[in-house]
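J.: Here is how the chains run, residue by residue.
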Amino acid sequence: MNTHNQQTRQRKSIPLSSVDLEDRFFVITFAPDLEALKNSLARVGMRYPPLVQEVSPDIHYRVVSGHKRILAARELGWERLNVDLARAEEKDLELFLGGLDENLGTRALNVVEKVLILEKLRHQFDLTEEEVLSNHLPRLGLGSDPQTLSLYLSLAGLEEEILRGLAAGELSLSTAHRLTSRTPEERLVFFRLVHRLRPGKNLQREFFDLLSDIGRREKVAIDVILSEESFSLPAADDDIPAPQRMKQIREILLRRRYPRLTEAMDRYERLRRQFRLPPRIALSAPPFFEGKDWRLSVAFRSREELERAREILGDLIDHPLLDRLLNFPSEKDEKS
Amino acid sequence: MDPAIFTPERIFVERSVRDLNLTRRLLERWPSVPRMMVDSAREAADQLSREDDPVGAGKRCLLIARQRGPFVKRCPGTSGYICCGYRIINAATGCDLDCSYCILQGYLSNPLLTVYANTDDLLVQLEAFLSSGEDEFYRLGTGELTDSLSLDPILGHGRLLVPFFAGRTNAILELKTKTTRIEDLLGLEHGGRTVVSWSLNAKEVAEGEEHGAPPVVERLRAARRCQQAGYRLGFHFDPVIDFPGWEKSYRRVVDAIFEHVDPRSIAWISLGALRYPPALEEIIRRRHPASEIILGELFPGMDGKPRYFRPIRTWLFRKINDRIKEHDPDVFVYLCMESDQVWRQALGWSPGSMAALSRRLDERVRP
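Chains as they are written, first to last, in the working numbering: chain A, 37 to 372; chain D, 84 to 450.
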């Protein structure tokens, strides 16, 4: 159908300035990289003219497809370009789906472009959820789960700065979805932390969940927490490598989210140090002090080292603090 | 005040039970409620799968089904912790109450409130089980996968089971509830073989997390009426929640128990701290966004389920137990799914094993 339309559409040369690039009614391109396209246009010209819709004759054209090509042409300083004109009887949805087909056939869409497509189908073209789920979500490679549709649609309201981070892969989809429940200020401050430190998907999620829980418990907004010096200083200190800063911030968050566990772990460390075990003998408490299984590992290189380890283990068993260690944390430890 | 009794928005009926008595009775009760015949519970559950909140939707629907598996099962307990050796009677699953912490939200593949209509099979299976000689004594209850009494005026499980257990010397039935729907129980011949139990919690938790359940004081008034009708009573503080002011609040509930009932009628009081399968946290966040219970210091236990950091649990249990013992040192208090270490640190003793705890509980209710 598209080929047929292309054959019967009028092709004309129009001033580039008459194309309204701010009008994004049909546009799904987001944060495009124009360099390769500009090189191609400079070398071989516009081989496939964009499709536009005439809004007011010869004055205002709306881009149906080829938004990237027009942007690249503008950056190259072109003043005129050849376009195909959509016929008056062609319906908006038909044009949009034609443009979508063209995009799907020629390139991979980024996450934000998929958000824009689903948002337009659902709310601009008023397709039912059922239609989108059965006809369009699978075409975008997203299956047909209503929750996936709901997740993508929820992202449409995020700020452009955040969407750019999402499109660039700095921000994970699940963290972006979590951000939708926060205020614009909270979203931006959190996103800027991610943008600066580039934590991976799991760490982003952990940071967000820790901040979110701390904020709820203390009745403070995330942006207010992140503006505290303990967070803002390490976050902004570009002299320290990002992984180290992330570790530092994570440590502060964990201490604030789990004060009793982290205090107990500090006390445990102090107690454990009193046994003066050498680095090659490691004693580990059950995770979170839950359970019965302690672990002891001994590294040795010779019979002599093993015999020495045996002596150390003998001292460990006879140590007056061993029972206290094995029952840690007890009420006594809590009070100390 | 007890909220209005449940009326389903839709009823699903498995074809295989459409002619059974309970099915007919339920359909006659709600002649104007839309109903749909289905071949299986799965088919009914599929109807809800596209809802934004299938769990919430499932609470507003009723599935009348056939119990194809055994009606009586061992409580699965949890690995690494001391359990009480309970048996579950699966006469219904799901619940019309909507407690934020309820594990049923993530536990059941079928989110529908489901009642099994083949009650003749239930009685046959119970008879066979109690005669099997597997154990000397059995504690069984209907309140693990549902609230035992929330729908009792409609389903009639009390009328079915209480007289059945009345003459048994080798078993006790426990009906666990958060509701006050005891009217049907009061006139039944129970023979002292039924314990009616209430799940209790701090006022803040009951009001904020136990949606649809009556206030604790009303539960205790209902308990008093059951005691007056000769029933033994049980109380379950489960889940105990750590929140600012918990100590004072739980102390008030303990005091209220002893203001309302004679401690000699209390078979047991159990304490269990908040714990849940890991997947439930996301469900709580989504379904109960105002709930703050997940903001506690919870970490994976030996069974992988998040539970409070051990010293927190120990402290919660000890304070509640101390208050109970101040009222009556003879009341039997036990911990639900806790480690030997926590038993010792919180209560000063431990049964050491499931078998030993089970024996202690059996002794409380043997004839």
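Some clues are possibly wrong.
[What the hints assert, rightly or not] Ranges of calculated distance between the beta carbons of each label pair, as one might list FRET restraints:
| hint | chain 1 | residue 1 | chain 2 | residue 2 | range |
| --- | --- | --- | --- | --- | --- |
| 1 | A | Ala318 | D | Glu287 | 40 to 46 angstroms |
| 2 | A | Leu307 | D | Arg151 | 22 to 28 angstroms |
| 3 | A | Ser186 | D | Arg143 | 50 to 56 angstroms |
| 4 | A | Glu166 | D | Ser115 | 43 to 49 angstroms |
| 5 | A | Ser180 | D | Asn253 | 42 to 48 angstroms |
| 6 | D | Glu290 | A | Ala192 | 55 to 61 angstroms |
| 7 | D | Glu290 | A | Leu70 | 56 to 62 angstroms |
| 8 | D | Glu287 | A | Leu307 | 23 to 29 angstroms |
| 9 | D | Arg443 | A | Ala192 | 33 to 39 angstroms |
In case anyone wonders, no lab produced these hints; they're calculated from the structure. These numbers were taken from a predicted model, which means no experiment stands behind them. We put the CB at the ideal spot given by N, CA and C, even for glycine.
J.: Arg443/D and Ala192/A, beta-carbon distance inside 33 to 39 angstroms?
T.: For Ala192/A against Arg443/D, whose Cβ atoms are near 60 angstroms apart, the range 33 to 39 angstroms is violated.
J.: Tell me if the beta carbons of Ser180/A and Asn253/D are separated by a distance inside 42 to 48 angstroms.
T.: Violated: the Cβ-Cβ distance is about 54 angstroms, outside 42 to 48 angstroms.
J.: Cβ-Cβ distance between Glu287/D and Leu307/A: within 23 to 29 angstroms?
T.: 36 angstroms, violated
J.: Does the Cβ distance between Ala318/A and Glu287/D fall inside 40 to 46 angstroms?
T.: 44 angstroms, holds
J.: Using the C-beta atoms of Ser186/A and Arg143/D, is the stated range 50 to 56 angstroms upheld?
T.: 21 angstroms, violated
J.: Quick check: does the Cβ-Cβ distance between Glu290/D and Ala192/A fall within 55 to 61 angstroms?
T.: Cβ of Glu290/D to Cβ of Ala192/A: about 37 angstroms, so the range 55 to 61 angstroms is violated.
J.: Given the hint of 43 to 49 angstroms, check if Glu166/A and Ser115/D actually sit that far apart at their C-beta atoms.
T.: 28 angstroms, violated
J.: Could you tell me whether the CB distance from Glu290/D to Leu70/A stays inside 56 to 62 angstroms?
T.: 59 angstroms, holds
J.: Could you see if the CB distance from Leu307/A to Arg151/D stays within 22 to 28 angstroms?
T.: Violated: the Cβ-Cβ distance is about 55 angstroms, outside 22 to 28 angstroms.
Comparing the model with each earlier hint shows violations of hints 2, 3, 4, 5, 6, 8 and 9; every other hint is respected.
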